[in-house]
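**Q** As a plain string of letters, each chain reads:
2 protein chains.
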Amino acid sequence: MTETVLSSADKEVVIGFDRPFVMIGERINPTGRRLLAEEMKNDDFSRVQADAIAQTNAGAHMLDVNAGIPLADEPALLAKAVQLVQAVTDVPLSIDSSIVEALEAGLAVYEGKAMVNSVTGEDEVMERVLPLVARYGAAVVAISNDETGISEDPDVRFEVAKRIVNRAADHGIPAADVLVDPLVMPIGAMGTAGQQVFQLVRRLRDELGVNTTCGASNVSFGLPNRTNITGTFLSMAIGAGMTSAIMNPLHEEVVRSVMAADVLAGNDPNCAAWIRANRDPNAPAGTRAGRKGRRRRPAQ
Amino acid sequence: MTETVLSSADKEVVIGFDRPFVMIGERINPTGRRLLAEEMKNDDFSRVQADAIAQTNAGAHMLDVNAGIPLADEPALLAKAVQLVQAVTDVPLSIDSSIVEALEAGLAVYEGKAMVNSVTGEDEVMERVLPLVARYGAAVVAISNDETGISEDPDVRFEVAKRIVNRAADHGIPAADVLVDPLVMPIGAMGTAGQQVFQLVRRLRDELGVNTTCGASNVSFGLPNRTNITGTFLSMAIGAGMTSAIMNPLHEEVVRSVMAADVLAGNDPNCAAWIRANRDPNAPAGTRAGRKGRRRRPAQ
Numbered sequence: 117m118t119e120t121v122l123s124s125a126d127k128e129v130v131i132g133f134d135r136p137f138v139m140i141g142e143r144i145n146p147t148g149r150r151l152l153a154e155e156m157k158n159d160d161f162s163r164v165q166a167d168a169i170a171q172t173n174a175g176a177h178m179l180d181v182n183a184g185i186p187l188a189d190e191p192a193l194l195a196k197a198v199q200l201v202q203a204v205t206d207v208p209l210s211i212d213s214s215i216v217e218a219l220e221a222g223l224a225v226y227e228g229k230a231m232v233n234s235v236t237g238e239d240e241v242m243e244r245v246l247p248l249v250a251r252y253g254a255a256v257v258a259i260s261n262d263e264t265g266i267s268e269d270p271d272v273r274f275e276v277a278k279r280i281v282n283r284a285a286d287h288g289i290p291a292a293d294v295l296v297d298p299l300v301m302p303i304g305a306m307g308t309a310g311q312q313v314f315q316l317v318r319r320l321r322d323e324l325g326v327n328t329t330c331g332a333s334n335v336s337f338g339l340p341n342r343t344n345i346t347g348t349f350l351s352m353a354i355g356a357g358m359t360s361a362i363m364n365p366l367h368e369e370v371v372r373s374v375m376a377a378d379v380l381a382g383n384d385p386n387c388a389a390w391i392r393a394n395r396d397p398n399a400p401a402g403t404r405a406g407r408k409g410r411r412r413r414p415a416q
Numbered sequence: 117m118t119e120t121v122l123s124s125a126d127k128e129v130v131i132g133f134d135r136p137f138v139m140i141g142e143r144i145n146p147t148g149r150r151l152l153a154e155e156m157k158n159d160d161f162s163r164v165q166a167d168a169i170a171q172t173n174a175g176a177h178m179l180d181v182n183a184g185i186p187l188a189d190e191p192a193l194l195a196k197a198v199q200l201v202q203a204v205t206d207v208p209l210s211i212d213s214s215i216v217e218a219l220e221a222g223l224a225v226y227e228g229k230a231m232v233n234s235v236t237g238e239d240e241v242m243e244r245v246l247p248l249v250a251r252y253g254a255a256v257v258a259i260s261n262d263e264t265g266i267s268e269d270p271d272v273r274f275e276v277a278k279r280i281v282n283r284a285a286d287h288g289i290p291a292a293d294v295l296v297d298p299l300v301m302p303i304g305a306m307g308t309a310g311q312q313v314f315q316l317v318r319r320l321r322d323e324l325g326v327n328t329t330c331g332a333s334n335v336s337f338g339l340p341n342r343t344n345i346t347g348t349f350l351s352m353a354i355g356a357g358m359t360s361a362i363m364n365p366l367h368e369e370v371v372r373s374v375m376a377a378d379v380l381a382g383n384d385p386n387c388a389a390w391i392r393a394n395r396d397p398n399a400p401a402g403t404r405a406g407r408k409g410r411r412r413r414p415a416q
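Residue numbers (my numbering), protein chains in the order written: chain A, 117 to 416; chain B, 117 to 416.
Looking at chain A on its own, in the form it has when it is part of the complex (with noise of 0.2 Å):
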C-alpha cells in the first residue's frame, strides 16, 4: 500500500491508497493574481498568510506556495511565503516553482518533510531536481511530460512517468515519494481530457504503484458554473483512484464533491466525516469538513 508521509514541524499528513482525498489549497500562487504579484514584489506577505489560513480553515490538508513573478527574485520570494506560511499554519507545504534555485531556496528554510512541485520528464530537469529531492528528503510531484511536450496518448504520458519514477529511484528516492501529476487540460478546449486523466490514473495506480496529485482547477477553464465541473472531475477521478489534488478549499461544492467521493470510495468509514460535516447546517462545509480531517490523519 503506497503511502507519502508529508510534514510541518507539528504535523504528519499521510497521501494514500484507501485513504481520505487530500486537498492542497492552490490559492497561495501569483499567476493571475495581480495585487498579490504585486504585494509579493514589495516584500508584502499579509495577503499570502491570509489565504494560508483561510485556506487551512476550509479545509486545506495542504497547502502549494509559489511565488512565480515576472521580473522578481523568486527564489527570495518563496523562501520567505515559505517560512511566513510555516509561521501561521501547521499544515505541510508543497514548494511550487518551475526554478531550481527557487526550489532549492524553498527547501532550505522548510520545517518538515516538503512535497517538491515540480520536476518533469525532461533529463536536464530531473537531473537538477531530483538530487535536491534526495538531498533533503522530500516527495516531489512527477509532471509526466518530457522534452517533446506534454502528449495526448495516456501511454506516452504513463511511459514518461515511468521513466521519472525510475530516475528518482537511481536518486535514491522512492516511488512512495513521486506523486504523479497527469497533467489536466481544460475539458472545453478537449473533450477527451477527463477520460485521458482517468485512465492514467488507473495505471499509475494499478501497474506503478504511486500516489497521483493535479491541478484540479484547470479543468473548468472557461466554461459557466466552474465548481460543478471541478468538483465532479475530482469525485470521478477519486473513483478513478487519484489521492490528492491541488484545488481551491474555499470553494464549498468543491470540497463537498470530494467529501462525498471519499463516502463511496469507501475511504470515509462508517461515512463519519460525511455525517459530521453535514450535521450543523449553520457551519460552512468546508470547515467543518477540514477540522475533523486533520484530526482524522494519525500522527506516526
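No lab work stands behind these hints, which were simulated from the structure alone.
Stretch by stretch, here's where chain B covers chain A in the computed footprint (C-beta under 8 Å, at least three residues):
1. 310-321
2. 339-351
3. 372-381
Only a predicted model underlies this, so the values are computations on that prediction, with no experimental measurement involved. Note that CB positions come from ideal geometry on N, CA and C, so glycine has one too.
Model the placement of chain B on the given structure of chain A, informed by the hints.
**A** Only chain B this time, still in chain A's reference frame:
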C-alpha cells in the same frame, strides 16, 4: 458499440456507450408514498400524471412507472398508469413490477418499445419474464441476484448477469436489449457498496458489452445531504461506464452532477449541453438540461 433503443409512439431514446447518460424518473412509485398509493387505489391518477409532467420538464429522458400497492389489483393499476402517463408525456417508459401479470398488462397497452423492469437470475422468473419481453420486443432490466440472494461479491454478481444475458439470447433477446442493474446498496450500511458497483459496471461494459442502469437514490439512504451523495455516486458510476439510472430528476444537484459527468466523460460534445443549461441563471438547471437533452437525441 452497444445501443439500447427505447421508444414511445413519438420519440426514441438511445442508451449507449459514449452517449449522454439517460435519466429515468423514479417518482411514479407508490412505495413509501402513502398518499399516492391511496389515490391510485381509488382510481385517481392525477398525481401520477402531474409527476410525469414535472419529471419530464425537469429533464427526465424516460420515466419508470410502478403500481406496487399491497392488496390492490396491480395489473389493472399498472396498465392504467402506463396509459395515462403516455397520454401526457412522450418519453419512453420503464414498466416496473415484480408481478409478471402486471408487466404483461402494462406491455399490452404500451405504445412503443418499453423497458421491462425487471428480471432476476432466478430460473422461474427468467422463464416467465423473458418470453414476455421477447413477445413484445421490449428491452429488460436484469437484476444481478438469483435464488441464493444478493451476493456481496462483484464476481458472483457478474456471473449472474452473464447468465441472464445468455438466457435472454436463448429467447431471441439481443444483449443490447438487456440493461444490467448491479444493485446499489446504501453506502451508510455497507462501505464497499460504491466500489462494488463501480467494479461491476466496468466489467459489465468491458467484458459483457451491456448497458447498465440502477436505482440510484438508494445509495444515500439514511445519510444527511442525500442529493450530494447520490449526485456524486452517479458521476463516479458514469466514470466507471454506467449508461442510465432510475433517479429523481427533481433534485437539481443530482441532475447537475450527471450533466457535469457527461462533460467529463467526453459525452457532451463541445460542452454544448452544459453551456446551454448554465447560460441562463434564472431557469432551473434540470428543465433546461432536459429540453436540450431530448432535442439532441437522434430520431432513428
